[in-house]
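Visitor: Please construct the entire structure, taking both the sequences and the accompanying hints into account.
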Amino acid sequence: MNVSIISRISTPHLGDETFAELWTNATAERQPLSHPHLTECAECRLRLASFTSWLDELRVDAVAEAEEAIPAERLANQRSQILRRIEAGERPARVIAFPRQPVETPVAIPARRWMVGVAAACFIAGVGLGQVLDLGSRLLQPVEQPRIVANPGGIVPNVAKASPVNDEADLEELEAAATPRYEALRAYDNFTPRAADFVKTSR
Amino acid sequence: MAGSPGREADGVAASAVKAMQAEGRLAEARERYAELVARHQRRASRIAFHYVRDSAETDEAVQDAFVKAYTHLSTFREELPFEVWFTRILINGCLDRIKARTRRERWVTSMPDGPGGERNFAERTPGHGPSPEAQLLSRERRRQVAEAIAKLPDRQRSVFMLSHYEGCTSREVSAMTGLNESTVRVHLFRAIRKLRVLLSEGAAPDREK
Numbered sequence: 000m001n002v003s004i005i006s007r008i009s010t011p012h013l014g015d016e017t018f019a020e021l022w023t024n025a026t027a028e029r030q031p032l033s034h035p036h037l038t039e040c041a042e043c044r045l046r047l048a049s050f051t052s053w054l055d056e057l058r059v060d061a062v063a064e065a066e067e068a069i070p071a072e073r074l075a076n077q078r079s080q081i082l083r084r085i086e087a088g089e090r091p092a093r094v095i096a097f098p099r100q101p102v103e104t105p106v107a108i109p110a111r112r113w114m115v116g117v118a119a120a121c122f123i124a125g126v127g128l129g130q131v132l133d134l135g136s137r138l139l140q141p142v143e144q145p146r147i148v149a150n151p152g153g154i155v156p157n158v159a160k161a162s163p164v165n166d167e168a169d170l171e172e173l174e175a176a177a178t179p180r181y182e183a184l185r186a187y188d189n190f191t192p193r194a195a196d197f198v199k200t201s202r
Numbered sequence: 000m001a002g003s004p005g006r007e008a009d010g011v012a013a014s015a016v017k018a019m020q021a022e023g024r025l026a027e028a029r030e031r032y033a034e035l036v037a038r039h040q041r042r043a044s045r046i047a048f049h050y051v052r053d054s055a056e057t058d059e060a061v062q063d064a065f066v067k068a069y070t071h072l073s074t075f076r077e078e079l080p081f082e083v084w085f086t087r088i089l090i091n092g093c094l095d096r097i098k099a100r101t102r103r104e105r106w107v108t109s110m111p112d113g114p115g116g117e118r119n120f121a122e123r124t125p126g127h128g129p130s131p132e133a134q135l136l137s138r139e140r141r142r143q144v145a146e147a148i149a150k151l152p153d154r155q156r157s158v159f160m161l162s163h164y165e166g167c168t169s170r171e172v173s174a175m176t177g178l179n180e181s182t183v184r185v186h187l188f189r190a191i192r193k194l195r196v197l198l199s200e201g202a203a204p205d206r207e208k
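Sequence order for the protein chains is A and B. Residue numbers for the first sequence follow numbering that gives the first Met the number 0, beginning at 0 and rising by one. Residue numbers for the second sequence follow numbering that gives the first Met the number 0, beginning at 0 and rising by one.
Calculated from the structure, these hints are not laboratory results. Where hints are given, some of them may not hold.
[Unchecked claim] Covered stretches of chain A (in silico footprint by chain B; criterion: 3 or more residues with CB under 8 Å from a CB of chain B, positions within the stretch not fixed):
(1) 62-72
(2) 166-175
(3) 182-194
[Stated by the list, open to error] Anything over 12 Å on all C-beta distances counts as not near chain B; from chain A, calculated:
(4) Ala41
(5) Glu42
(6) Phe50
(7) Arg93
(8) Arg112
(9) Gln130
All of these numbers come straight from a predicted model, not from anything done at the bench. Glycine residues also receive a C-beta, built at the ideal position from the N, C-alpha and C atoms.
Guide: Structure representation (structure tokens):
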């Protein structure tokens, strides 16, 4: 970023760009501003002073503004916030219990438990006894086995049909059973029609 | 900028905190870190304010940077000054905030401040400070400077603020921003040149009056 020779010849005085360059180099190297022309030209020295004071004003103003915006109380508060956040970050994560309704655990009463046990035992014994009795009655009754007749075309089970119900005989039996044995009641009985009569009329 | 003894003390403190963290002595580590916070807080707040230009956001940016630095202290290497390492974290955080704010402002229109641009009622109450006229002029000048600085590209702005406002050398700025030392100088030169133009343009109507 050297100042070109042409620009030096064409413009004898130093411009803002040159000042900016001089100032940048001086700031970077932490050295005072220097230029051969400045020793000779009072006007440029004056303008350079104005330029540097403008830059200084900028800095002073910016720093003052920042200091005003962040007073000491704010800094103290900020510090405590930083430490609080760091501490919170180091604390192990806490598991928060999910909110739920309290559940009442049933209290075991010994007497109630005993009664339940007896009831269950009785039920099982009853079911078992019922099974045994049912099995016994089945064993005592003769079971009619279906007769299987050999068939050349295939085995077809030939179930023997039950004998046809004799309605009349049954009705007579029923009437005989329903006939009162007492003499006094037989008269009433004779008034009422017989089932057999209905059967006969319907035929 | 802190001098060399200050930097050595920072380095020692940072290394001690790192060791304490590794050993699980967290309360002691926090206590020691608080010293570092106290030493760098003001400067950090100033830098953050130059970027974000809002007190509340400055607070948040500085807090975030210190918390981040503490949690990542294991990655800190002693050959780099703590101040430089920390400032880099802070600047990156501030730039992220500015980007986020720009994105937000695309969608949300902010409410205007008070008639004089005040944000705080206390600022409007009469006091023993400078006259209202002087305050107004000062505020106006600051606004113009802030606008001009905001118009600079990110790198030029960072280099200018760190070099000029915070008095960092080009080597320090180079370490903080990750730019070459010669690039830092070029950015500084361009920033000053541009600011000079922008601010003289802004001041021109006043001169005409």
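Visitor: Decide, hint by hint, whether the structure agrees.
Guide: Checked hints:
Requiring three or more residues with a Cβ within less than 8 Å of a Cβ of chain B, the coverage given for the region 62-72 of chain A holds, as 6 such residues are present. Three residues within the 8 Å Cβ limit are the bar, and the region 166-175 of chain A against chain B gives 0, so the coverage statement is violated. For the region 182-194 of chain A, the proposed coverage by chain B is not satisfied: 0 residues have a C-beta within less than 8 Å of a C-beta in that chain, short of the threshold of three. Its beta-carbon lying about 22 Å from the closest one in chain B, alanine 41 of chain A satisfies the requirement of being farther than 12 Å from that chain.
For glutamate 42 of chain A, the non-interface assignment is confirmed: its Cβ lies about 18 Å from the closest Cβ of chain B, beyond the 12 Å cut-off. The claim that phenylalanine 50 of chain A lies off the interface is violated: its Cβ sits roughly 8 Å from the closest Cβ of chain B, which falls inside the 12 Å cut-off. With a closest Cβ-Cβ approach of about 17 Å to chain B, arginine 93 of chain A is found to remain outside the 12 Å limit, as its non-interface label requires. Distance check on arginine 112 of chain A: its Cβ is at least 53 Å (rounded) from any Cβ of chain B, clearing the 12 Å threshold; non-interface status holds.
For glutamine 130 of chain A, the shortest C-beta to C-beta distance to chain B comes to about 72 Å, beyond the 12 Å cut-off, and the non-interface label holds.
Comparing the model with each earlier hint shows violations of hints 2, 3, 6; every other hint is respected.
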